[in-house]
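J.: Sequence:
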Amino acid sequence: MSSPNVSTDVLRTLHRIHRQLSDLNGRLQRGPKRIEAAQSHEQHREAQLAEAEQAARASRMASDAKQVQLKGGEDKVRELKLKLNTAASNREYQALKDQMAAQEMTNSVLADEILEGLEKLDEFQARIAEAKENLEKARQNGEAICAEVRQQEPLIRTDLTRLQSELAECEAALPIEIKEHYLRVIRQKGEDALAAVENQYCSGCNQHVPLNVCAEMMMGHPMFCRTCGRMLYMPEEGTANPAE
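Residues 1 to 244 (our numbering) make up the sequence shown, in order.
Keep in mind the hints are simulated off the structure, nothing from the lab. Do not take every clue at face value.
To be verified - Result set (DSSO-like, lysine-lysine): computed pairs, CA atoms no more than 27 Å apart in a straight line:
1. Lys71 to Lys33
2. Lys97 to Lys66
3. Lys132 to Lys33
4. Lys66 to Lys120
5. Lys83 to Lys66
6. Lys81 to Lys66
7. Lys97 to Lys83
8. Lys81 to Lys71
9. Lys120 to Lys132
10. Lys97 to Lys120
11. Lys71 to Lys97
12. Lys33 to Lys189
13. Lys33 to Lys97
14. Lys76 to Lys97
15. Lys120 to Lys137
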């Protein structure tokens, strides 16, 4: 019983269609992932802004509390100065002087800390401004990605429908004797189910294809790689160089 014949053009077309379908399905699946990644990035930028604002609020509250302490300390120094005028003894006078010196030292430390806190507030405001700018960029990028995905999806689906119809037409041209084997390889390898033979080597696994297999292919007989199981076809250039 003679082997069924299959057109090399059909096999080339099948391989092209499977690769195009794989690419389109990949693009279709990447769309939601791109949107999800953009949304995640935007949420990350929102968290950075919230963190910077929280740090600024905490710094402001700490600075305000120290300013209240400083005012109380300054009031305490004024009270002590008034008491100096009414000190009943040198001992009491010296004790008041020591209290004033200690309080003034405390006030000086508080004043330095308040100044440092105000400088930090300026830094936090710069961080907040940068975080807001980054968040706005993330939102704009996310909106652009969403718009692009929404625009491309119907076009991709249209191409998928067209190619699936073309695929069914090409598969119908396969001899029934090998179609089951072909479909099994497609289920296993997807777009890599077919491979061209170039210079007597399978382009799928890069293993040598025997000369008699190349000769069978040149006569239009369907052949499968003995190493990787791919369905083989001649490249568009037309030869597998069987004489080499």
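J.: Does each hint fit the structure? Answer for all of them.
T.: Against the structure, the hints come out as follows:
{"no.": "1", "hint": "Lys71 to Lys33", "verdict": "57 Å, violated"}
{"no.": "2", "hint": "Lys97 to Lys66", "verdict": "24 Å, holds"}
{"no.": "3", "hint": "Lys132 to Lys33", "verdict": "25 Å, holds"}
{"no.": "4", "hint": "Lys66 to Lys120", "verdict": "14 Å, holds"}
{"no.": "5", "hint": "Lys83 to Lys66", "verdict": "25 Å, holds"}
{"no.": "6", "hint": "Lys81 to Lys66", "verdict": "22 Å, holds"}
{"no.": "7", "hint": "Lys97 to Lys83", "verdict": "10 Å, holds"}
{"no.": "8", "hint": "Lys81 to Lys71", "verdict": "15 Å, holds"}
{"no.": "9", "hint": "Lys120 to Lys132", "verdict": "18 Å, holds"}
{"no.": "10", "hint": "Lys97 to Lys120", "verdict": "34 Å, violated"}
{"no.": "11", "hint": "Lys71 to Lys97", "verdict": "19 Å, holds"}
{"no.": "12", "hint": "Lys33 to Lys189", "verdict": "24 Å, holds"}
{"no.": "13", "hint": "Lys33 to Lys97", "verdict": "72 Å, violated"}
{"no.": "14", "hint": "Lys76 to Lys97", "verdict": "12 Å, holds"}
{"no.": "15", "hint": "Lys120 to Lys137", "verdict": "26 Å, holds"}
Hints 1, 10, 13 from the earlier list are contradicted by this structure; the remaining hints agree with it.
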